[in-house]
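Participant: Here is how the chains run, residue by residue.
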Amino acid sequence: MSEIKINSKEMRRIMLVEVAGRVDSTTASELGETLNDIIDNGKSRLVLDLAEVEYMSSAGLREIVSALKRVQNVAGTGDLRIAAPSERVREVLELAGLDEIFKIYPTQVEAVGSY
Amino acid sequence: MRDERHLSFKARLENVPSAADFVVQSAQAAGLDDRAIYHCQLAVDEACTNIIEHGFGGDQADTHGQIHLITGIEEDDVFVITIADNSPAFNPVTYKDPDPTMPLEDRPGGGWGIYFIKKLMDAIDYRHADGKNHLTLRKNIQDAGQAHQSKAQDVISVTRQIRDKDYLQLNLAGQIDSQTSGQLESVLDEEISEHGNIRLIVSFQNVNYISSSGLKVLVSAWRKARQQGGDVLVTDLQSRIREVFEMIGFDMMFHIYDNPEAAIADNPIDRS
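Residue numbers (the numbering used here), protein chains in the order written: chain A, 5 to 119; chain B, 669 to 940.
Possibly wrong hints are sitting among the right ones.
[Stated by the list, open to error] Calculated cross-link-like contacts (lysine-lysine; reagent style DSS-like; alpha-carbon spacing at most 30 Å): (1) A:LYS73 with A:LYS107; (2) B:LYS786 with A:LYS73; (3) B:LYS800 with B:LYS833; (4) B:LYS786 with B:LYS833; (5) A:LYS13 with B:LYS786; (6) B:LYS764 with A:LYS9; (7) A:LYS9 with B:LYS833; (8) A:LYS47 with A:LYS73; (9) A:LYS13 with A:LYS73; (10) A:LYS107 with B:LYS786; (11) B:LYS678 with B:LYS786; (12) B:LYS800 with A:LYS73; (13) B:LYS833 with B:LYS787; (14) A:LYS9 with A:LYS73; (15) A:LYS73 with B:LYS892; (16) A:LYS9 with A:LYS47; (17) B:LYS786 with B:LYS800; (18) B:LYS800 with B:LYS892; (19) B:LYS800 with B:LYS787; (20) B:LYS800 with A:LYS107; (21) A:LYS47 with A:LYS107; (22) B:LYS678 with B:LYS833; (23) A:LYS13 with A:LYS107; (24) B:LYS678 with B:LYS787; (25) A:LYS9 with A:LYS107; (26) B:LYS787 with B:LYS764; (27) B:LYS833 with A:LYS107; (28) A:LYS13 with A:LYS47; (29) B:LYS800 with A:LYS9; (30) B:LYS678 with A:LYS107.
[What the hints assert, rightly or not] With the C-beta cut set under 7 Å, the calculated list includes, among others, these residues of chain B facing chain A: (31) HIS674; (32) PHE677; (33) LEU681; (34) ASP713; (35) GLU714; (36) PHE784; (37) GLN810.
The set of hints was computed from the structure by calculation and includes no laboratory data.
C-beta atoms are modelled at their ideal positions from N, C-alpha and C, and glycine is treated no differently.
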């Protein structure tokens, strides 16, 4: 099994979700459940900080895409923005064309400040 | 085929990360560069995950499914991975690719794993024989000399100076972009994580460019140093770089000084 750590922090206007470790088919559901819980609790402005994610497979991408679909369905202001992806994570985002779909920021500060 | 290595495992998701790690070790031994190794790791992860989830109908504790991996080197410059499994015949090569330019609402949830494998590998072959699927992935081994040359064009230099009040000053010179930020990252990491030097002054006097990847490295070092009661103080910013810092709010995070002497005199670490 792979290791994943997820830490969510409620900030003034947004929910910050920091992920660390490997996001693959053994851990992706944990990320998906966390995001779903946050959205179920009425939060629709999310920042997903991937700075400490060393590895992301399509199983992880599937979870963040379905979370994006959910928050964008919330009237008007919902979004899920990505902060600080490593070169490797950025490469898979680009392969799947997700760099055109997600707003991606080089740092957490910029992603949080973008709302 | 040279340096042939085998691994067999039960078709459970929990076994996939270590199977991918087995491939990482083989790829390292074959002399692939880090990026190519990562591509192999991801391709094998995606392939095995698909076999378990679709071929064997899900992650089941009592599965009879077995996956067999063989790695090796062909013709001196091709790293080969064969993945064999006894699930029903399925040919990923002819599977229809999803379209990465599709808008969010029309995107299929699945199919991306196979697409990644095709994009990340140099060649992919499928055959069904002896009641098994055999998927063969090939990744070319780049000429090590060539890879080294392309890296040598972009370097940053870092000099260290021990200063008063236990500060360590790092003088950076060059362009900090996506090519060189990794170098900066390892320098900062070594100082903070290995040597425990958490009172850092980073002088940008001879840095004329910093990209977002460089800024990210700096923030990550700043965060690590502060977590341990230290700090990363920034000095000698050229006006263009100072503008970037201000634009993205780094001036609110970092202590920024005109020169290292001013940083040491202010000594914000012991003040806070």
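Participant: Work down the list of hints and note, for each, if the structure agrees.
Facilitator: Evaluated hints:
{"no.": "1", "hint": "A:LYS73 with A:LYS107", "verdict": "holds (14 Å)"}
{"no.": "2", "hint": "B:LYS786 with A:LYS73", "verdict": "holds (26 Å)"}
{"no.": "3", "hint": "B:LYS800 with B:LYS833", "verdict": "violated (67 Å)"}
{"no.": "4", "hint": "B:LYS786 with B:LYS833", "verdict": "violated (55 Å)"}
{"no.": "5", "hint": "A:LYS13 with B:LYS786", "verdict": "violated (38 Å)"}
{"no.": "6", "hint": "B:LYS764 with A:LYS9", "verdict": "violated (34 Å)"}
{"no.": "7", "hint": "A:LYS9 with B:LYS833", "verdict": "violated (36 Å)"}
{"no.": "8", "hint": "A:LYS47 with A:LYS73", "verdict": "holds (14 Å)"}
{"no.": "9", "hint": "A:LYS13 with A:LYS73", "verdict": "holds (21 Å)"}
{"no.": "10", "hint": "A:LYS107 with B:LYS786", "verdict": "holds (26 Å)"}
{"no.": "11", "hint": "B:LYS678 with B:LYS786", "verdict": "holds (25 Å)"}
{"no.": "12", "hint": "B:LYS800 with A:LYS73", "verdict": "violated (38 Å)"}
{"no.": "13", "hint": "B:LYS833 with B:LYS787", "verdict": "violated (52 Å)"}
{"no.": "14", "hint": "A:LYS9 with A:LYS73", "verdict": "holds (23 Å)"}
{"no.": "15", "hint": "A:LYS73 with B:LYS892", "verdict": "violated (34 Å)"}
{"no.": "16", "hint": "A:LYS9 with A:LYS47", "verdict": "holds (20 Å)"}
{"no.": "17", "hint": "B:LYS786 with B:LYS800", "verdict": "holds (21 Å)"}
{"no.": "18", "hint": "B:LYS800 with B:LYS892", "verdict": "violated (49 Å)"}
{"no.": "19", "hint": "B:LYS800 with B:LYS787", "verdict": "holds (24 Å)"}
{"no.": "20", "hint": "B:LYS800 with A:LYS107", "verdict": "violated (43 Å)"}
{"no.": "21", "hint": "A:LYS47 with A:LYS107", "verdict": "holds (18 Å)"}
{"no.": "22", "hint": "B:LYS678 with B:LYS833", "verdict": "violated (58 Å)"}
{"no.": "23", "hint": "A:LYS13 with A:LYS107", "verdict": "holds (20 Å)"}
{"no.": "24", "hint": "B:LYS678 with B:LYS787", "verdict": "holds (27 Å)"}
{"no.": "25", "hint": "A:LYS9 with A:LYS107", "verdict": "holds (23 Å)"}
{"no.": "26", "hint": "B:LYS787 with B:LYS764", "verdict": "holds (13 Å)"}
{"no.": "27", "hint": "B:LYS833 with A:LYS107", "verdict": "violated (42 Å)"}
{"no.": "28", "hint": "A:LYS13 with A:LYS47", "verdict": "holds (12 Å)"}
{"no.": "29", "hint": "B:LYS800 with A:LYS9", "verdict": "violated (37 Å)"}
{"no.": "30", "hint": "B:LYS678 with A:LYS107", "verdict": "violated (39 Å)"}
{"no.": "31", "hint": "HIS674", "verdict": "violated (23 Å)"}
{"no.": "32", "hint": "PHE677", "verdict": "violated (13 Å)"}
{"no.": "33", "hint": "LEU681", "verdict": "holds (5 Å)"}
{"no.": "34", "hint": "ASP713", "verdict": "holds (5 Å)"}
{"no.": "35", "hint": "GLU714", "verdict": "holds (6 Å)"}
{"no.": "36", "hint": "PHE784", "verdict": "holds (6 Å)"}
{"no.": "37", "hint": "GLN810", "verdict": "violated (17 Å)"}
The structure fails hints 3, 4, 5, 6, 7, 12, 13, 15, 18, 20, 22, 27, 29, 30, 31, 32 and 37 (numbered hints given earlier, in ascending order).
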